[in-house]
Amino acid sequence: MLSYLAVFAPLAWVVRQFHDVLHRRWDPERATYFEPPLMDRGSVAQRGNRRRGT
Amino acid sequence: MTAPAAHGELVLGISAFYHDSAAALVADGVPLAASHEERHSRRRHDASFPKRAVAACLGEVGATLDDVSTVAYYEDPRLKFRRILASYAAAGARGAGSFGDTMGGWLSYKLRVERTIARQLAALGLGRVPPVVCRRHHESHAASAFLPSPFESAAVLCVDGVGEWATTTLWHGQGTVLRPIAQIRFPHSLGLLYSAFTYFCGFKVDSGEYKLMGLAPYGKPAYAEVIRRELVDVKPDGSFRLDVGRFEFLFGRQMTGGAFEELFGVERRPPEGALLAHHFDLAASVQVVTEEVMVRLARTARAVTGERNLCLAGGVALNCVANGRILRSRIFEDLWIQPAAGDAGGALGAAMAVSIAAGASRPHLARGTDAMAGALLGTSQGERQIGDALDRLGAVYERVDDDKLHDVVAGKLADGAVVGWYQGRMEFGPRALGSRSILGDPRDPGMQRRMNLKIKFRESFRPFAPAVLEEHASEFFDLDRPSPYMLLVAQVAEGQQLPHADGEARGLDLLHVPRSTIPAVTHVDGSARIQTVARRDNPSFHRLLTAFHAATGCPVLVNTSFNVRGEPIVASPEDAYRCFMRTNIDALAVGPFVLEKRDQPPWRESDDWRTEIPLD
Numbered sequence: 001m002l003s004y005l006a007v008f009a010p011l012a013w014v015v016r017q018f019h020d021v022l023h024r025r026w027d028p029e030r031a032t033y034f035e036p037p038l039m040d041r042g043s044v045a046q047r048g049n050r051r052r053g054t
Numbered sequence: 055m056t057a058p059a060a061h062g063e064l065v066l067g068i069s070a071f072y073h074d075s076a077a078a079l080v081a082d083g084v085p086l087a088a089s090h091e092e093r094h095s096r097r098r099h100d101a102s103f104p105k106r107a108v109a110a111c112l113g114e115v116g117a118t119l120d121d122v123s124t125v126a127y128y129e130d131p132r133l134k135f136r137r138i139l140a141s142y143a144a145a146g147a148r149g150a151g152s153f154g155d156t157m158g159g160w161l162s163y164k165l166r167v168e169r170t171i172a173r174q175l176a177a178l179g180l181g182r183v184p185p186v187v188c189r190r191h192h193e194s195h196a197a198s199a200f201l202p203s204p205f206e207s208a209a210v211l212c213v214d215g216v217g218e219w220a221t222t223t224l225w226h227g228q229g230t231v232l233r234p235i236a237q238i239r240f241p242h243s244l245g246l247l248y249s250a251f252t253y254f255c256g257f258k259v260d261s262g263e264y265k266l267m268g269l270a271p272y273g274k275p276a277y278a279e280v281i282r283r284e285l286v287d288v289k290p291d292g293s294f295r296l297d298v299g300r301f302e303f304l305f306g307r308q309m310t311g312g313a314f315e316e317l318f319g320v321e322r323r324p325p326e327g328a329l330l331a332h333h334f335d336l337a338a339s340v341q342v343v344t345e346e347v348m349v350r351l352a353r354t355a356r357a358v359t360g361e362r363n364l365c366l367a368g369g370v371a372l373n374c375v376a377n378g379r380i381l382r383s384r385i386f387e388d389l390w391i392q393p394a395a396g397d398a399g400g401a402l403g404a405a406m407a408v409s410i411a412a413g414a415s416r417p418h419l420a421r422g423t424d425a426m427a428g429a430l431l432g433t434s435q436g437e438r439q440i441g442d443a444l445d446r447l448g449a450v451y452e453r454v455d456d457d458k459l460h461d462v463v464a465g466k467l468a469d470g471a472v473v474g475w476y477q478g479r480m481e482f483g484p485r486a487l488g489s490r491s492i493l494g495d496p497r498d499p500g501m502q503r504r505m506n507l508k509i510k511f512r513e514s515f516r517p518f519a520p521a522v523l524e525e526h527a528s529e530f531f532d533l534d535r536p537s538p539y540m541l542l543v544a545q546v547a548e549g550q551q552l553p554h555a556d557g558e559a560r561g562l563d564l565l566h567v568p569r570s571t572i573p574a575v576t577h578v579d580g581s582a583r584i585q586t587v588a589r590r591d592n593p594s595f596h597r598l599l600t601a602f603h604a605a606t607g608c609p610v611l612v613n614t615s616f617n618v619r620g621e622p623i624v625a626s627p628e629d630a631y632r633c634f635m636r637t638n639i640d641a642l643a644v645g646p647f648v649l650e651k652r653d654q655p656p657w658r659e660s661d662d663w664r665t666e667i668p669l670d
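As given, the protein sequences belong to chains Z and U, one line each in that order. Sequential numbering of the first sequence, starting at 1, is according to our numbering. Sequential numbering of the second sequence, starting at 55, is according to our numbering.
Keep in mind the hints are simulated off the structure, nothing from the lab. Misleading hints may appear alongside valid ones.
Only some residues are given here: those of chain U computed to face chain Z with a beta carbon under 8 Å [as the list claims (entries may be wrong)]:
1) Ala143
2) Ile235
3) Arg438
Some residues of chain U that are not near chain Z, with every Cβ distance over 10 Å (derived) [what the hints assert, rightly or not]:
4) Ala150
5) Phe153
6) Arg307
7) Val320
Idealized CB from N, CA, C, for every residue including glycine.
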């Protein structure tokens, strides 16, 4: 418990800024909760397909 | 083992370390073998490295690791770890209890998964270890849904609990290309919503969802409005957010807590506790909401992609009631669901994705079929191997020529026997499809109760599913297309329904009301989870159904998996004989050998075997 707090208490605030998805509430003003897909930097398929010109 | 054949560039796919570990082999875009680790380790939902499944797949195709060019792992551990850390940061002090347990695994073997896999493969001694690459979790699901499908192009929808971050993803598949379109991220998850209700109704998460789905027709959606108002906000396009504060899964130990009990005014049902009216209604309610979300998501998929076909994967795609609702909505002209839609299928999807990226095509498209070979991608044994196993067990059997086997077994079924059927290659995916099945006569009104209580030793409310000759399916069910993987639910056809009135019957009392000419496979709402059997997918099972049809006029059989509750489906002749002898199965057909229970020597076990198998 103590090690958890010592390591994560200061990180928690930082992480929360970058992962606010965990705290998003309902929003009746929004038309959609869909988000764009993550850019797949590591996708071999994407690179492979581009090589084939598809 | 199937006959060794020259195979192209092999890719080995692996899913492991969370639940339902599996291995799959793909060559030039063609799945050759796939197997669940649990079948070989005999530990249900085995999450450990699938060393037995890897060996089994390689053995089945006569290959070694020297023949494998790449190993594809089904998710990105670094991205997943960031989500885990973010979750604990959000949980604050409430996450401290599970933090140590979770970090232990991550820091020891999960984070550097490539190294872990390489070490595990090296220990198998099956050749040199190929390079290991990782694919994203939902990419693996999408690849498993689209690439083996019979569609040149399609919309692809993947819905599960959670991968790295994504819980719902929408894709557009064209040719060999899968383009991501949109996503919904953790903690907003339809799979976790369903699992929360699974947990609240006293069932095990990741195995009990199927039971909750089977419970739903006994109830009414009395809580659906509460769910929509308080738990999940669903937009017209199907996107959604949960009210995360009502759930406990962020804190690691359990799915729901006091907030759920306060909301619904009832306590969580203890495991194996009595099923009461509100449990049926909770099941019906979350099922209705899940179906609504899935139908809206399907509509969005159609609108965004313009495609006429839809492919589905992810654990929620195992909800065959929702799948049937999507089909009947006519949003799409056709629907294809990966038979191993859960995480085990991620092994196949990852391998397919890497194989395609290396230049493979989709050769099955030219045949107008899918690439799953009827989902019969697991291991098999030859006559000699089966015979030797039966001899070691002291079994008494008769060898029957292949031209008589199906008539002999059909005759036993027609006489009311319950028969264990073990033939050919094992299924990949959670459903038994006529290779590792327990079969019975669906016309018998006592068959459902008999099979639940005396053979499967499972809860009495659980329905059984029919296998029907594809060419006769529309006579018995409101289904206008094949359903080879038992992933679609439809109503029993009007011509087979019996006049009935439920009257005052509620809950489990609904079981006693006869509803159709095939009561053993008709659920209390008149529905059935259908497997259509075509000769091309499973010739032996098709012959058996044909023989039963000739003997009785009924082209339908009860088809349930060859196992008892809590046990994985049988994977060897020894497993099959053991299950046969431990239960009230009357006869067993394993390969060409037919066994009668009354002829067998007494079955002796030193302990009560039921205590050895954890309940699921």
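Each hint tested on the structure:
no.: 1; hint: Ala143; in the structure: holds (4 Å)
no.: 2; hint: Ile235; in the structure: holds (7 Å)
no.: 3; hint: Arg438; in the structure: violated (43 Å)
no.: 4; hint: Ala150; in the structure: violated (5 Å)
no.: 5; hint: Phe153; in the structure: violated (5 Å)
no.: 6; hint: Arg307; in the structure: holds (15 Å)
no.: 7; hint: Val320; in the structure: holds (25 Å)
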